[in-house]
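K.L.:
In case you want the letters, here they are:
4 protein chains.
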Amino acid sequence: MENINDLQNEVKKFRDERDWKQFHTPKNLAMALSVEVSELAELFLWDDNKSSFDTAINKREHLQEEMADILIYLLSMADVLNIDLSNAVIDKLSKNRRKYPIEKSKGTCKKYTEL
Amino acid sequence: MENINDLQNEVKKFRDERDWKQFHTPKNLAMALSVEVSELAELFLWDDNKSSFDTAINKREHLQEEMADILIYLLSMADVLNIDLSNAVIDKLSKNRRKYPIEKSKGTCKKYTEL
Amino acid sequence: MENINDLQNEVKKFRDERDWKQFHTPKNLAMALSVEVSELAELFLWDDNKSSFDTAINKREHLQEEMADILIYLLSMADVLNIDLSNAVIDKLSKNRRKYPIEKSKGTCKKYTEL
Amino acid sequence: MENINDLQNEVKKFRDERDWKQFHTPKNLAMALSVEVSELAELFLWDDNKSSFDTAINKREHLQEEMADILIYLLSMADVLNIDLSNAVIDKLSKNRRKYPIEKSKGTCKKYTEL
Chain A
1 MENINDLQNE VKKFRDERDW KQFHTPKNLA MALSVEVSEL AELFLWDDNK
51 SSFDTAINKR EHLQEEMADI LIYLLSMADV LNIDLSNAVI DKLSKNRRKY
101 PIEKSKGTCK KYTEL
Chain B
1 MENINDLQNE VKKFRDERDW KQFHTPKNLA MALSVEVSEL AELFLWDDNK
51 SSFDTAINKR EHLQEEMADI LIYLLSMADV LNIDLSNAVI DKLSKNRRKY
101 PIEKSKGTCK KYTEL
Chain C
1 MENINDLQNE VKKFRDERDW KQFHTPKNLA MALSVEVSEL AELFLWDDNK
51 SSFDTAINKR EHLQEEMADI LIYLLSMADV LNIDLSNAVI DKLSKNRRKY
101 PIEKSKGTCK KYTEL
Chain D
1 MENINDLQNE VKKFRDERDW KQFHTPKNLA MALSVEVSEL AELFLWDDNK
51 SSFDTAINKR EHLQEEMADI LIYLLSMADV LNIDLSNAVI DKLSKNRRKY
101 PIEKSKGTCK KYTEL
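Protein sequence lines, in the order shown, are assigned to chains A, B, C and D.
According to my numbering, the first sequence is numbered sequentially starting from 1.
According to my numbering, the second sequence is numbered sequentially starting from 1.
According to my numbering, the third sequence is numbered sequentially starting from 1.
According to my numbering, the fourth sequence is numbered sequentially starting from 1.
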């Protein structure tokens, strides 16, 4: 299932079967995203950058679940607020192309405010 | 562009044009996700659940950008670790169906450990 | 033990008995703080503002532990970087007094950039 | 000002002069902590562990402000919920001594569940 709308519908179906939409306010979903992202971060807590690749291999199943949780809540928020996530990404990439022109940003991790 | 693989390719292309893959370790991407999710959460910081819907309307453009940033980093992590995000979501929903059977979880926001 | 330096020394002693200073880089400690703060946030995840006071009563012991974890990591970071946390707070309050003059900020939760 | 109660009183005074207690629900303060911790984490976003020490030197003033913000919100939560933060830390260290006995935990960053 590679269509993002189909995926969103699956998430919505799961939610509605449990009558959970009542809990899905923007504030709550933002907080749920924080919690899930920290569960992902915890996997790499004491790693350095290099060893985090090994951790990603050793804890692959757990990692996939945490990444899924993040996308599930993101799709839930998109559904509740009627936001087209694909369009949002395409628009943001366009904006980022202007903020980070290739010639200035190539090979550097500096923020656009410091370029 | 509703296909999640196409979206991932767009994100990858943006990254590679800037030679940024070198910064995209699992640990760094997890930290980047934390930062982006908090920028989303900040929009609703002093709201209550009800008023967060108004905020979502008033700050819609900003909100979409923050949601896009989260998905961009999530797709970047999926790319680096060769994880199929759609499958990850489908698998997690299956697992959640077992953790949260409809008859036990309907209408309650209790965690599965408390059901 | 109400002296913040004494408290910091207790945290340092606990750390050094376990030879954990080697893991306490600024990046790792920042990530540890993210993880602990999200564990605190999770307690109030599906609350609204009002019910979060009830949750704070019902989960008081758990809440205290999460708050302690945050302060322990903050004191660990202060120790590693030789930062005087008390002075940092006093200085920040001074700065905030200029950013949020009473007559402009009284009774409003607007950010200083919007005052 | 090294006494944590004095520090808490300063924070409380700042808050009450602005009539901000009304916004300081446990849920909001937990969210505020998430936002501030991520602002701290952002300073080290693309660092590795080693270079994060250099960043801590180069961005020392900014770093101190973010650490102060975290402690300010933590003291605000302690005030609202009438929690003794010093005692909470002392109690948590005791508990951690049992979870992480020196002979098992020395020199390892494993979680107690994996020791």
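Mixed in with the good hints there might be a few duds.
Pairs count within a copy or across copies, as identical chains cannot be separated in the list.
No farther apart than 27 angstroms at their CA atoms in a straight line, the calculated lysine-lysine pairs in the BS3-like style are these [what the hints assert, rightly or not]:
(1) K95 to K50
(2) K50 to K106
(3) K104 to K12
(4) K12 to K50
(5) K106 to K21
(6) K21 to K50
(7) K13 to K111
(8) K50 to K110
(9) K12 to K110
(10) K99 to K111
(11) K111 to K21
(12) K50 to K111
(13) K104 to K21
(14) K106 to K95
(15) K13 to K106
(16) K111 to K95
Because the hints were derived from the structure by calculation, they are not lab data.
K.L.:
Would you mind marking each hint as holding or not holding in the structure?
P.N.:
Each hint tested on the structure:
Taking the shortest alpha-carbon separations for K95 and K50, neither the intra-copy value of 31 angstroms nor the inter-copy value of 31 angstroms comes in at or below 27 angstroms. With identical chains, the CA atoms of K50 and K106 are at most 27 angstroms apart both within one copy (22 angstroms) and between copies (23 angstroms). Only between protomers do K104 and K12 lie at most 27 angstroms apart by alpha-carbon distance; the minimum there is 18 angstroms, versus 42 angstroms within a single protomer. Proximity of K12 and K50 under a CA criterion of 27 angstroms is satisfied inter-copy only: 20 angstroms between copies versus 37 angstroms inside one chain copy.
Taking CA atoms no more than 27 angstroms apart as the test, K106 paired with K21 passes between copies only; the shortest distance there is 11 angstroms, against 43 angstroms inside one copy. Taking identical chains as interchangeable, the C-alpha atoms of K21 and K50 lie at most 27 angstroms apart only when they sit on different chains, with a minimum of 13 angstroms there against 40 angstroms within one chain. In this homomeric assembly, K13 and K111 come within 27 angstroms of each other (Cα to Cα) only across copies, at 19 angstroms, whereas the closest approach inside a single copy is 39 angstroms. Proximity of K50 to K110 under the C-alpha cut-off of 27 angstroms is found in both arrangements, the shortest distances being 20 angstroms within a copy and 18 angstroms between copies.
Taking the closest pair of Cα atoms, K12 and K110 come within 27 angstroms of each other only across two copies (19 angstroms); inside a single copy the shortest separation is 38 angstroms, beyond that limit. In the homo-oligomer, the alpha carbons of K99 and K111 lie at most 27 angstroms apart both inside one protomer (9 angstroms) and across protomers (25 angstroms), since each shortest distance falls under that limit. In this homomeric assembly, K111 and K21 come within 27 angstroms of each other (Cα to Cα) only across copies, at 16 angstroms, whereas the closest approach inside a single copy is 37 angstroms. Taking CA atoms no more than 27 angstroms apart as the test, K50 paired with K111 passes in both settings, with 22 angstroms inside one copy and 20 angstroms between copies.
Taking identical chains as interchangeable, the C-alpha atoms of K104 and K21 lie at most 27 angstroms apart only when they sit on different chains, with a minimum of 16 angstroms there against 44 angstroms within one chain. In this assembly of identical chains, K106 and K95 lie within 27 angstroms of each other by CA distance solely inside one copy; the values are 16 angstroms within and 37 angstroms between copies. Proximity of K13 and K106 under a CA criterion of 27 angstroms is satisfied inter-copy only: 13 angstroms between copies versus 43 angstroms inside one chain copy. In the homo-oligomer, the alpha carbons of K111 and K95 lie at most 27 angstroms apart both inside one protomer (14 angstroms) and across protomers (25 angstroms), since each shortest distance falls under that limit.
The structure shown violates just one earlier hint, number 1.
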